[in-house]
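One letter stands for each residue in the lines below.
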Amino acid sequence: MRATSWRLTMEAGPTKAKPVNGDFAARIIKQASRPALAIGARITEHEKLIDVVERLSNAGVAVIATAHAIRYTSERGIPAHKAGVVEATHLLTDPDWEGFDGKGKPDLLIVFAINLDLENQTFQTLKNFSDVKTLSIDRYFMVNATYSFPNLTEEAWLDYLEELCQKLGV
Amino acid sequence: MATKPKKVKITKAESPTIKIGDLVIEIGEIEEDTWAEPMGPTPKPSWVELREWDKKLLNRYEPFYSPTCDMCCLCSYGKCDLTKDKKGACGITQRAQQARLILLECVIGAACHGAHARHMLEHQIERLGADYRIDLGLNIETEAPIYRTIIGKKPQTLGDLLEGMEYAEREIQNLLSSVHTGQEGDHLDLESKALHAGMIDNLVKEIADLAQIVGYDFPKGDPDAPLAELGYGSVDKDKPLILFIGHNVAPGAEVITYAEAYGKADKVEIAGICCTAHDLQRRDKSAKIIGPLSEQIRFVRSGIADVIVVDEQCVRTDILEEAMKVRTPVIATNDKMGLGLPDRTDDDPEAIVEDLVSYRLPGVFIHKPEKVGEVAVKVAERIAAKRAEFKGKALPEEEELRNESARCVSCEKCQRACPVNLHISAALKEAAKGSFEKLASLRKLCVGCMRCESACPRDIKIVSLMEKAAEGETYSQSYKIRIGRGPILDTEIRNVGAPIVFGEIPGVVAFAGCTNFANGAIEVAEMAEEFLKRNFIVVTSGCAAMAIARYKDENGETLYERYPGIFDAGGLVNVGSCVANAHILGAAIKIPYIFARRSLRANFEEIADYILHRVGAVGVVWGAMSAKALSIGTGLNRWGIPVIMGPTGTKYRRLYLGRKDIPEKWEIYDAKTGEKLVTDPAPEHLAYVAESKEEAMVAIAKLVMRPNDTTKGRQIKLAHYIDLHRRYFGTMPEDLHLYVRSESDIPINAKEEILQILKEKGWKERKIPDPTMLPRMIMKKKGAGK
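Chains as they are written, first to last, in the numbering used here: chain A, 1 to 170; chain B, 1 to 786.
Do not take every clue at face value.
[To be verified] Derived DSSO-like pairs (lysine-lysine); straight-line CA-CA distance at most 30 Å: (1) K48(A) with K413(B); (2) K533(B) with K480(B); (3) K759(B) with K105(A).
Honestly, the hints are just simulated from the structure, not real lab data. These numbers come from a predicted model, not from an experiment.
Construct the complete structure from the given sequences, taking the supplied hints into account.
Written as structure tokens, this is what we have:
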């Protein structure tokens with residue numbers, strides 16, 4: 001699968017994301033020891049997004065609610081840690097950080113529904129200053145993540161997310 | 001006050017014992033020191049002298065890096081890939097490279113304001129003389145708080161300010177040299193230098209604004225500065241209109257002077273975009289503000305302007321090309337941007353006017369402000385009639401709007417180029433069917449960068465179409481803004497000093513900066529209103545001050561009409577242009593000076609330490625775009641003032657983030673006892689990016705907390721923090737235990753609930769210190785050291 005960055009100017013250097021589909025993304029999540037999902041202000045962009053968060057949470061993925069997304073996770077009763085996206089990213093660059101629950105640092109950060117600039121810069125920070133792998137399940141190809149969904153129409157994106165959840169058994 | 005250097009030359013002198021020929025004796029400036037305050041430790045500090053202070057800050061607030069590019073292309077060894085652990089050919093690491101770029105941007109910003117200050121100061125000295133006194137009126141004795149703290153002198157005349165300029169220029173040169181290949185390689189030293197550049201930026205802005213306040217007799221801290229007009233609908237389109245774009249008001253002020261002197265004041269319309277507009281209104285309240293920098297091309301394309309005068313900073317570099325399309329001549333007036341136009345400074349004004357009115361030239365370069373005054377007015381008057389077919393009629397007709405929209409092939413290249421990811425193709429699709437609402441609604445979110453048009457393979461003029469779709473609303477609206485008042489009065493500081501330091505006025509929030517908004521300008525107005533209702537002091541400047549003005553309530557009033565211009569609880573203070581925002585920092589500096597009687601003189605560290613731990617001020621730069629915005633913010637950080645940016649701020653590549661989970665990061669001394677103790681993580685961050693306005697508002701309420709807050713003050717601040725957190729996050733803050741020092745800090749209306757939370761967190765009461773990070777500030781007990 002080939003993909004180009006949604007915003008072409010986001011290409012930061014020679015190290016680029018591997019484009020993945022829902023099935024592959026599910027395998028990456030299954031392989032991770034401590035996957036975490038960061039969501040943000042764009043969580044209200046489509047009504048199904050919060051369902052995906054709930055299903056991933058049910059699959060054992062820890063949820064980090066950035067911006068004011070904690071409002072929506074709380075309403076649905078989804079357990080989540082609240083942090084600014086830059087705060088959470090900063091913590092992930094610290095090799096000694098033990099995670100929000102004190103049980104260990106996430107080794108995979110899954111990201112969607114955050115402001116695109118912030119998403120991209122999150123991937124850039126983690127690519128350069130941590131060993132944390134990153135997976136974008138947003139509808140745009142995020143070239144600086146480790147893995148990313150390709151550029152998708154809204155319909156296709158929801159299909160990808162559905163496939164991801166089904167492959168995770170949730 | 002300094003006297004001028006003297007030179008004595010002895011051509012020939014002879015005595016029985018000595019013979020002299022061609023002897024020259026030079027005597028430098030003679031200092032006449034009339035300031036009773038003793039000289040502090042750091043007059044005109046180099047970076048080295050403030051490095052230790054920076055180290056303290058950077059230890060608590062770690063630099064957080066987020067590269068926009070993984071490579072370095074600053075020398076011909078490169079490009080070098082610096083991703084992760086790789087190093088460049090010069091040995092530089094990714095972390096150091098990011099800090100290096102931050103330093104470069106801060107130096108660019110400081111140089112920009114510095115060159116502006118130098119130009120304005122020399123212009124005023126030329127007009128009024130070096131001995132012209134700096135007199136800001138009876139209520140402002142502390143005329144230059146930044147200057148006094150950094151330079152260690154009290155400037156009394158325009159000429160005195162030259163010493164500050166010389167210092168700043170030396171420092172800027174030195175800092176810029178550090179960026180060169182094979183120089184500084186330590187990211188923390190690079191950050192420290194960026195902080196130094198930011199501080200220099202703050203200084204030169206103060207110099208620039210002082211020079212123009214006294215030179216042009218701008219308002220001198222008037223809380224009742226009059227209301228004036230803003231918006232496309234504020235201009236009289238039947239009059240010849242001269243449009244100013246940029247930041248340096250010198251040519252604009254001379255245009256007003258010429259128009260007044262020759263009875264043209266009510267015959268031509270004077271309007272501005274970006275900070276020059278603020279300063280035009282400070283010079284003459286009948287001048288109009290069109291809007292912030294994002295309006296440039298849109299307004300130019302409307303064809304309403306008959307002459308465009310550009311000065312410096314934030315002017316689009318394609319302004320001449322755009323102006324030519326609507327037959328508007330351009331006058332470039334400043335050596336920072338000549339636009340390739342012929343230099344006509346020394347030519348006869350009538351000949352210049354003739355060349356422009358006849359369109360023999362699309363524009364001219366005139367770097368003498370007085371001559372711009374004459375030429376601009378004459379050209380506007382003569383060319384207006386010739387431009388009738390363009391004036392206000394240059395936007396596409398409705399049919400063209402539909403037809404052009406129909407040419408869109410939905411390739412989405414426009415959206416992929418758009419910094420705010422606007423769904424342009426979808427809106428064009430609807431416009432093609434004759435439904436323009438969607439396209440019109442995008443205008444409120446568009447930052448006016450024009451990248452969509454550059455990206456469009458079919459060359460559709462998307463911004464013009466958007467402008468046409470929104471024409472009805474945009475071109476009829478006018479708004480009220482309070483004219484930039486300049487400095488904060490010493491008397492106001494006397495009134496609010498104690499309530500701010502003790503926390504009873506919950507905080508000072510300053511909205512400043514550019515218009516690179518992720519979700520439209522309305523968010524700035526909404527945030528400002530929230531904190532005005534909460535009795536914070538809200539201060540603003542630059543494009544943010546304009547953004548606040550562009551929204552009315554249901555009664556048709558802007559916030560400037562509803563809130564007074566005083567620097568007090570519930571006041572909305574517009575200080576003016578970008579350089580005027582030096583007065584916001586100036587107010588923070590005046591608090592330790594006037595209220596706490598701390599010495600300002602060459603006493604940077606002590607004043608910054610005081611502000612960091614006691615003055616609950618926070619800057620919000622919601623649409624930060626420029627290098628100048630970065631240097632302003634970085635300067636504020638060095639003085640201990642945190643800054644929150646909108647999502648686009650992350651592309652500056654660096655933040656300063658605190659770690660509230662590491663108690664030792666928050667160690668301070670209790671100045672009264674010398675005891676080292678861990679204090680509250682307040683302010684938690686120094687440079688922060690919030691993703692949404694909701695997150696920003698909660699962050700503001702948290703970042704105004706200071707370790708020195710009294711229990712009453714902390715109670716008030718916590719009440720706002722909890723209320724906003726509940727409203728926007730739907731939950732109680734999870735970090736309350738870090739900010740409650742004793743039960744008396746707890747807001748009464750939630751006491752039981754909070755006590756329960758504290759119990760679960762294992763909270764223990766702790767003392768309120770007299771906080772300082774400077775060992776020299778520890779008060780020595782009697783008999784100590786015997």
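These are the hints, each one checked on the structure:
For the suggested pair K48(A) and K413(B), the alpha carbons sit about 27 Å apart, so the restraint of at most 30 Å is met. Our distance criterion of 30 Å between C-alpha atoms is met by K533(B) and K480(B), whose separation comes to about 19 Å. Restraint check for K759(B) and K105(A): the C-alpha separation of about 27 Å stays at or below 30 Å, so the hint holds.
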